[in-house]
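2 protein chains.
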Amino acid sequence: MKKADTLIKALTFDVFGTVVDWRTTVIEEASRIGRTKCLNVDWSGFADAWRAGYRQAMDRVRRGELPWMNLDAIHGMLLDRLLAELDIAGMTEAEKERINRVWHRLKAWPDSVSGLARLRKRFIVAALSNGNMALLTNLSKNAGLSWDCILSAELARHYKTDNEVYRMAADLLELQPEQVMMVAAHKEDLRAAQAIGFKTAFVLRPLEYGPEGRPDLEPDPAFDIVASDFHDLAEKLGA
Amino acid sequence: MKKADTLIKALTFDVFGTVVDWRTTVIEEASRIGRTKCLNVDWSGFADAWRAGYRQAMDRVRRGELPWMNLDAIHGMLLDRLLAELDIAGMTEAEKERINRVWHRLKAWPDSVSGLARLRKRFIVAALSNGNMALLTNLSKNAGLSWDCILSAELARHYKTDNEVYRMAADLLELQPEQVMMVAAHKEDLRAAQAIGFKTAFVLRPLEYGPEGRPDLEPDPAFDIVASDFHDLAEKLGA
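Taken in order, these protein sequences are the chains called F and S. Position one of the first sequence corresponds to residue 1 (our numbering), numbered consecutively onward. Position one of the second sequence corresponds to residue 1 (our numbering), numbered consecutively onward.
Quick caveat, the hints were computed from the structure, so don't treat them as lab data. In this text, all values refer to a predicted model and were calculated from it rather than measured experimentally. A couple of the hints might just be wrong.
[Stated by the list, open to error] Using 20 Å as the maximum straight-line C-alpha spacing, the simulated DMTMM-like pairs for lysine to aspartate or glutamate come out as follows: (1) K141/S with E174/F; (2) K96/S with E28/S; (3) K37/S with D111/S; (4) K121/F with D111/F; (5) K9/F with D72/S; (6) K96/S with E174/F; (7) K236/F with E212/F; (8) K141/S with D171/F; (9) K141/F with D171/S; (10) K96/F with E85/F; (11) K9/F with D216/S; (12) K9/S with D72/F; (13) K96/F with E174/S.
[Stated by the list, open to error] Calculated from the model, a selection of chain F residues having no Cβ within reach of chain S, i.e. all distances over 12 Å: (14) G34; (15) S140; (16) D162.
[Unchecked claim] A few chain F residues facing chain S, derived, Cβ under 10 Å: (17) N70; (18) N132; (19) C149; (20) S152.
We put the beta carbon where it would ideally sit given N, CA and C, even for glycine.
Turn these sequences into a full structure, and let the hints steer you where they fit.
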């Protein structure tokens, strides 16, 4: 991609995995709460199961098998199920709510805060995530992430990778799809954005699924940019 | 209002007039474009007529006499009418678009940038404006205003003072109405927010309508706070 691209006006960012390290934060916070309740649980497995359940539940919402519910509601439904499977009883609603809100307190990858700030000098920088508005707002405030605006799948009442979400983003920004670049660590997100005309940047996050994780990091020539982090992305965009 | 209020989690800000000085910017920019076209027009009257027309058109949308259209579309429709009334012909679509986008480039009041930054340290600080998302995003970026999130009437497809707009804001933030304080220079905005349970802060902007303007600055004991600017508001909120 040529430097100083003048066509691109806005960058829209996937958040979970791309901007924040959900797995480490969920494990840390759940372990801490677990210790206070004297629970003996494999919290890494707990985090992975929670995340895997989210994909399944979201797909059921996308297929219309579940009514629309936002991500906090999906997380809460899954948490109830996980606690039952683990035979953990006696948690108060407030305690469960405290655990469910861990998704509002995820930590950013080391380059995220400074990388987004650098990119904001040149582009409109927006979140475009399946997280709901309150989650994204609280998460960003807590992690020190600054956006020009937050766009949530909740506003379209569709989840990515439904094309309605990407179209909503371009429409709300009053931009043509080719003026927007989707930035994500996940190929299916980029392919769906590309299908309606977005530019694409694939950012490698090798640790998203932990040290044992095996994410798909294979560069794909279909994407406009492959970047090792947000500063590399800024470099490649001439920002 | 007692200092260090712990109930309030978020402040939602009206933008036109409360955060930005729409009138001065519209006059300056329209005059500049007018000079390049050798037009002899009373640009102050032009700005006031444009703004007055917006209120009427928005009310027609609210009553269902016009279909939903966002603020950029309302401004564009009114601009065509104003140019016709002033017998100004021969403007290209690009020139008209350039004038219409003046609303994306409004200047902030002198205390707005630093005042919002100060309030953000303590509260979720969100725009809650009839401006559309693109307008608010571009305006904020241009003026250096930073929000935790931007909430636009466009997302509810209702204009303030319809209660749907305030409810949407509380719902998207996952807060109870009493955890949110509406901040505005306009009493009708505050009264509508108060009617569904928001706290209210009345900020005095004596120059919104220019040196000859006569805005209603009378304090009203129904509001929780009356403030002379955003730093005074921060002081009164213990922020």
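A quick look at each hint next to the structure:
1. K141/S with E174/F: This hinted pair holds, its Cα atoms lying about 15 Å apart.
2. K96/S with E28/S: Given pair K96/S, E28/S holds - Cα atoms ~16 Å apart, limit 20 Å.
3. K37/S with D111/S: violated (34 Å)
4. K121/F with D111/F: Measuring from Cα to Cα gives roughly 16 Å; hence the hint holds.
5. K9/F with D72/S: holds (18 Å)
6. K96/S with E174/F: Between K96/S and E174/F the Cα gap is close to 16 Å, so the pair holds against 20 Å.
7. K236/F with E212/F: Given pair K236/F, E212/F is violated - Cα atoms ~29 Å apart, limit 20 Å.
8. K141/S with D171/F: holds (18 Å)
9. K141/F with D171/S: Roughly 18 Å between the alpha carbons, so the hint for K141/F and D171/S holds.
10. K96/F with E85/F: Given that 20 Å is the threshold and the Cα spacing comes to 15 Å, the pair holds.
11. K9/F with D216/S: violated (40 Å)
12. K9/S with D72/F: holds (18 Å)
13. K96/F with E174/S: holds (16 Å)
14. G34: Holds, because the least Cβ-Cβ distance between G34/F and chain S comes to about 25 Å, which exceeds 12 Å.
15. S140: Nearest chain S Cβ is 7 Å from S140/F, so the label is violated.
16. D162: holds (18 Å)
17. N70: Where the cut-off is 10 Å and the nearest Cβ of chain S is about 9 Å from N70/F, the hint holds.
18. N132: holds (8 Å)
19. C149: holds (5 Å)
20. S152: holds (8 Å)
Checked against the numbered hints given earlier, this structure breaks hints 3, 7, 11 and 15; the rest are met.
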